[in-house]
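These protein sequence lines are chains E and U, in that order.
So for the first sequence, our numbering puts the first residue at 109; every next one is plus one.
So for the second sequence, our numbering puts the first residue at 2; every next one is plus one.
What the hints contain is simulated information worked out from the structure, not anything from laboratory work.
No residue lacks a Cβ here, since even glycine has one placed at the ideal position from N, Cα and C.
Be aware that a few hints might be false.
[What the hints assert, rightly or not] Covered, in the sense of this in silico footprint (three residues per stretch, anywhere, with C-beta under 8 Å from a C-beta of chain E), are these stretches of chain U:
{"id": "1", "stretch": "9-20"}
{"id": "2", "stretch": "39-50"}
{"id": "3", "stretch": "58-67"}
{"id": "4", "stretch": "76-84"}
[Claimed, not checked] Computed cross-link-like contacts, DSBU-like style, restricted to lysine-lysine with a CA-CA straight-line distance of at most 30 Å:
{"id": "5", "chain 1": "E", "residue 1": "190", "chain 2": "E", "residue 2": "155"}
{"id": "6", "chain 1": "E", "residue 1": "608", "chain 2": "U", "residue 2": "15"}
{"id": "7", "chain 1": "E", "residue 1": "292", "chain 2": "E", "residue 2": "154"}
{"id": "8", "chain 1": "E", "residue 1": "346", "chain 2": "E", "residue 2": "157"}
{"id": "9", "chain 1": "E", "residue 1": "476", "chain 2": "E", "residue 2": "120"}
{"id": "10", "chain 1": "E", "residue 1": "627", "chain 2": "E", "residue 2": "268"}
{"id": "11", "chain 1": "E", "residue 1": "495", "chain 2": "E", "residue 2": "646"}
{"id": "12", "chain 1": "U", "residue 1": "62", "chain 2": "E", "residue 2": "194"}
{"id": "13", "chain 1": "E", "residue 1": "413", "chain 2": "E", "residue 2": "474"}
{"id": "14", "chain 1": "E", "residue 1": "305", "chain 2": "E", "residue 2": "268"}
{"id": "15", "chain 1": "E", "residue 1": "615", "chain 2": "U", "residue 2": "79"}
{"id": "16", "chain 1": "E", "residue 1": "413", "chain 2": "U", "residue 2": "14"}
{"id": "17", "chain 1": "E", "residue 1": "397", "chain 2": "U", "residue 2": "66"}
{"id": "18", "chain 1": "U", "residue 1": "53", "chain 2": "E", "residue 2": "608"}
{"id": "19", "chain 1": "E", "residue 1": "346", "chain 2": "E", "residue 2": "120"}
{"id": "20", "chain 1": "U", "residue 1": "6", "chain 2": "E", "residue 2": "627"}
{"id": "21", "chain 1": "E", "residue 1": "194", "chain 2": "E", "residue 2": "134"}
{"id": "22", "chain 1": "E", "residue 1": "190", "chain 2": "U", "residue 2": "84"}
{"id": "23", "chain 1": "E", "residue 1": "154", "chain 2": "E", "residue 2": "395"}
{"id": "24", "chain 1": "E", "residue 1": "252", "chain 2": "U", "residue 2": "6"}
{"id": "25", "chain 1": "E", "residue 1": "615", "chain 2": "U", "residue 2": "53"}
{"id": "26", "chain 1": "U", "residue 1": "6", "chain 2": "E", "residue 2": "447"}
{"id": "27", "chain 1": "E", "residue 1": "474", "chain 2": "E", "residue 2": "346"}
{"id": "28", "chain 1": "E", "residue 1": "660", "chain 2": "U", "residue 2": "6"}
{"id": "29", "chain 1": "U", "residue 1": "6", "chain 2": "E", "residue 2": "413"}
{"id": "30", "chain 1": "E", "residue 1": "252", "chain 2": "E", "residue 2": "154"}
{"id": "31", "chain 1": "E", "residue 1": "346", "chain 2": "E", "residue 2": "268"}
{"id": "32", "chain 1": "U", "residue 1": "15", "chain 2": "E", "residue 2": "627"}
{"id": "33", "chain 1": "E", "residue 1": "660", "chain 2": "E", "residue 2": "646"}
{"id": "34", "chain 1": "E", "residue 1": "615", "chain 2": "E", "residue 2": "646"}
{"id": "35", "chain 1": "E", "residue 1": "413", "chain 2": "U", "residue 2": "62"}
{"id": "36", "chain 1": "E", "residue 1": "413", "chain 2": "E", "residue 2": "660"}
{"id": "37", "chain 1": "E", "residue 1": "421", "chain 2": "E", "residue 2": "397"}
{"id": "38", "chain 1": "E", "residue 1": "134", "chain 2": "E", "residue 2": "157"}
{"id": "39", "chain 1": "E", "residue 1": "608", "chain 2": "U", "residue 2": "47"}
{"id": "40", "chain 1": "E", "residue 1": "608", "chain 2": "E", "residue 2": "646"}
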Amino acid sequence: MTHIGSYEDRVKTFTWAISERELEYKDGNVINIGEYCTDRICRMGKKDKLALIWENHTGEERRYTFNDMRVLTNTIAAYLRKLGLKPGDRICLFMDKVPELYFGFLGILKMGGIAQPLFSAFGSESLVTRLADAQTSAIFTQRKHLAKVRNIMADMHSLKHVIVVDDDGSRPLREEELAFHMDKEERVEHFDVYPSKGETPSVLHYTSGTTGKPKGAQHVHYSLISQYITAKYVLDLKDNDIYWCTADPGWVTGTSYGIIGAWANGVTQCVLDSGFEASAWYRFIEKYKITVWYSAPTAIRSLMKEGEEPVKKHDLSSLRHLASVGEPLNAEAVIWSEKVFGLPFLDTYWQTETGSMMISNYPGMKIKPGSMGKAFPGITATVVDLKTFEPITKAGIVGLIAIKPGWPSMFRTYWNNVETYRSKFKNGWYISGDRASIDEEGYFWFVGRDDDVINTAGHLVGPFEIESALLEHPAVAESAVVGKPDPVNMEVVKAFIALKPGYEASKDLDLDIMNFVRKKLSALAMPQEIEFVRSLPKTRSGKIMRRVLRAKEWGEEIGDTSTLEND
Amino acid sequence: MPEIKDIILTYVKKEYVEEGDDIDVTYTTPLISGGIVDSFSMVSLKRFLENKYNIQIPDAKATPKAFDSVNSIIELLKEFNVK
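Could you put the whole structure together from the sequences, leaning on the hints where they help?
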């Protein structure tokens with residue numbers, strides 16, 4: 109029996125009050141995600157249950173019970189408070205998937221701070237852009253990423269503390285750098301958790317847009333109400349499950365479902381801190397007897413690429429439920445997973461801004477491979493006309509995915525950017541920026557983005573940020589960046605570049621530019637293909653027309669070119 | 002003249018190891034599974050090898066396993082008569 113039961117029946121009876129009741133929350137009460145994921149689970153009699161089993165690429169393993177997690181998150185919270193950090197301060201987590209990242213996240217929330225997780229593969233420029241916007245006060249990092257943090261210190265006056273979680277004394281730390289060893293610190297048994305309320309800010313996740321700098325989607329502690337119940341109904345998490353969410357907490361899936369959703373349900377989760385390798389993943393599932401696996405289409409397609417042979421070498425019979433998020437899951441991947449694992453990956457759809465799943469396929473519900481599924485009970489979702497923002501009532505017509513505001517985990521603003529936040533709401537709907545259609549049975553079918561944002565391996569990359577970085581390369585006169593179709597990552601970054609006089613296109617220059625962007629921003633932002641051009645298509649007013657280049661890559665109609673400048 | 006594996010090791014250290022990072026990368030260090038080169042960065046490493054040795058490595062052969070250490074890359078290059 110699944111938690112959700114019959115989807116159709118659940119839709120009729122569901123209200124968010126069900127989640128509030130299960131979490132014993134009433135409007136106006138204190139609600140702190142850090143406390144809910146640790147102390148509350150211990151009070152429920154699960155203090156000796158494993159909360160986290162962590163393994164890295166060398167096979168080193170660390171295990172923590174819910175009581176360990178309660179005490180260690182207390183220890184981190186007390187440490188931050190002792191440093192003088194205050195509720196509301198932004199505290200960044202810039203680490204690989206080590207236990208300190210997961211417990212640091214909850215520790216920050218326990219002391220009332222706003223957790224700002226950032227992907228550890230970000231280069232210095234991506235890092236400083238996001239920290240400067242948030243005026244971040246402290247950052248947790250590892251020795252391997254310390255150089256990137258040091259690079260930005262001169263520009264980051266707000267950053268008072270750099271907390272290094274794995275300092276071994278081999279190289280001296282600088283004045284503002286502090287060594288903190290979570291497992292060796294004096295354990296703090298009792299900590300006065302910050303009495304946050306529903307609307308108290310909790311998490312700041314940065315996401316990219318078409319123009320301007322990345323925006324910080326700010327969430328609140330009340331998001332727990334959505335994250336808890338969606339983890340329960342969609343991921344079908346049960347007390348005896350061993351759960352593996354492959355997402356990095358530098359992105360929203362890694363926090364909403366790699367931390368909050370799972371632990372608020374008191375479920376044991378496993379983390380593999382290692383790069384992707386098919387056999388290593390299958391070995392991990394076999395070793396820890398993973399039952400529920402939440403992954404991403406890019407990873408699934410990468411597994412498909414490796415074929416069935418690696419699957420056959422492992423006993424994966426523990427798996428009972430698979431789900432996917434990031435970008436649309438193609439029908440072939442659903443069919444393949446059913447064939448090789450005996451289970452289909454169920455696609456889920458949501459965004460950094462939504463904080464929790466909005467449209468999903470549910471255990472027990474009829475699956476249409478390639479479809480996004482249906483709206484989560486309690487969520488009113490539709491597609492609206494691209495111009496009028498009126499809901500489209502006819503099946504099969506493409507519009508923008510729109511959601512009625514008011515669900516618990518909805519972002520509350522973009523940090524320092526309320527104007528852009530307001531622009532996301534039209535005609536009483538939150539406009540996602542994604543296009544889809546709805547069929548006659550109410551299933552959503554993803555079509556694509558409605559803007560120039562590139563979805564690569566489930567991560568949104570803004571063309572403007574990459575174009576700005578490219579212009580800093582000495583050879584680049586101007587550039588335009590678009591998404592190019594890719595069989596594994598859905599899209600990859602392609603750059604069209606016009607060179608400055610004196611530079612000539614060559615393979616070495618191509619590689620040099622790729623590496624330049626990778627180091628400055630991140631590997632995700634690195635153009636995987638560069639086309640050197642004499643000039644870029646522009647409007648008569650000089651604006652680069654990315655859509656012309658994008659249409660070419662996707663084999664689509666270019667559309668109206670009446671404003672195109674004559675070459 | 003430096004051996005191919007030293008050329009690749011030097012390139013990996015220069016391009017993928019953060020300045021100031023004291024990680025000791027050797028011929029056998031896991032690059033992909035060890036998180037030194039992520040799957041996206043693998044594209045630039047592949048491009049380096051193709052440029053340097055004037056070869057084309059098909060995507061089917063550019064697997065995380067084949068790129069997981071300098072030694073495994075050397076094995077891959079042998080298929081293209083780069084020795």
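Verification of the supplied hints:
1. 9-20: holds (count 3)
2. 39-50: holds (count 8)
3. 58-67: holds (count 4)
4. 76-84: It is violated: at least three residues are needed, and the stretch 76-84 of chain U offers just 0 whose Cβ sits closer than 8 Å to chain E.
5. E/190 - E/155: holds (26 Å)
6. E/608 - U/15: Holds - the C-alpha atoms of residue 15 of chain U and residue 608 of chain E are around 27 Å apart, at most 30 Å.
7. E/292 - E/154: Holds, at roughly 24 Å.
8. E/346 - E/157: holds (13 Å)
9. E/476 - E/120: Distance ~22 Å between residue 476 of chain E and residue 120 of chain E Cα, so the pair holds.
10. E/627 - E/268: Status holds; Cα separation ~25 Å.
11. E/495 - E/646: Given pair residue 495 of chain E, residue 646 of chain E holds - Cα atoms ~24 Å apart, limit 30 Å.
12. U/62 - E/194: violated (52 Å)
13. E/413 - E/474: Measuring from Cα to Cα gives roughly 27 Å; hence the hint holds.
14. E/305 - E/268: Measuring from Cα to Cα gives roughly 27 Å; hence the hint holds.
15. E/615 - U/79: holds (22 Å)
16. E/413 - U/14: Roughly 29 Å separates the two Cα atoms, so the pair holds.
17. E/397 - U/66: holds (24 Å)
18. U/53 - E/608: holds (25 Å)
19. E/346 - E/120: Holds, because 23 Å separates the two Cα atoms, which is no more than 30 Å.
20. U/6 - E/627: holds (23 Å)
21. E/194 - E/134: Judged against 30 Å, a Cα distance of about 26 Å means the pair holds.
22. E/190 - U/84: With a Cα-Cα distance of about 58 Å, the restraint between residue 190 of chain E and residue 84 of chain U is violated, given a limit of 30 Å.
23. E/154 - E/395: holds (23 Å)
24. E/252 - U/6: holds (24 Å)
25. E/615 - U/53: holds (10 Å)
26. U/6 - E/447: violated (41 Å)
27. E/474 - E/346: Holds, at roughly 21 Å.
28. E/660 - U/6: violated (40 Å)
29. U/6 - E/413: holds (27 Å)
30. E/252 - E/154: violated (35 Å)
31. E/346 - E/268: Judged against 30 Å, a Cα distance of about 42 Å means the pair is violated.
32. U/15 - E/627: Given pair residue 15 of chain U, residue 627 of chain E holds - Cα atoms ~11 Å apart, limit 30 Å.
33. E/660 - E/646: OK: residue 660 of chain E and residue 646 of chain E at ~15 Å, within 30 Å.
34. E/615 - E/646: holds (27 Å)
35. E/413 - U/62: holds (11 Å)
36. E/413 - E/660: holds (27 Å)
37. E/421 - E/397: holds (15 Å)
38. E/134 - E/157: Judged against 30 Å, a Cα distance of about 27 Å means the pair holds.
39. E/608 - U/47: Roughly 27 Å separates the two Cα atoms, so the pair holds.
40. E/608 - E/646: holds (18 Å)
Against the hints set out earlier in the document, violations occur for numbers 4, 12, 22, 26, 28, 30, 31.
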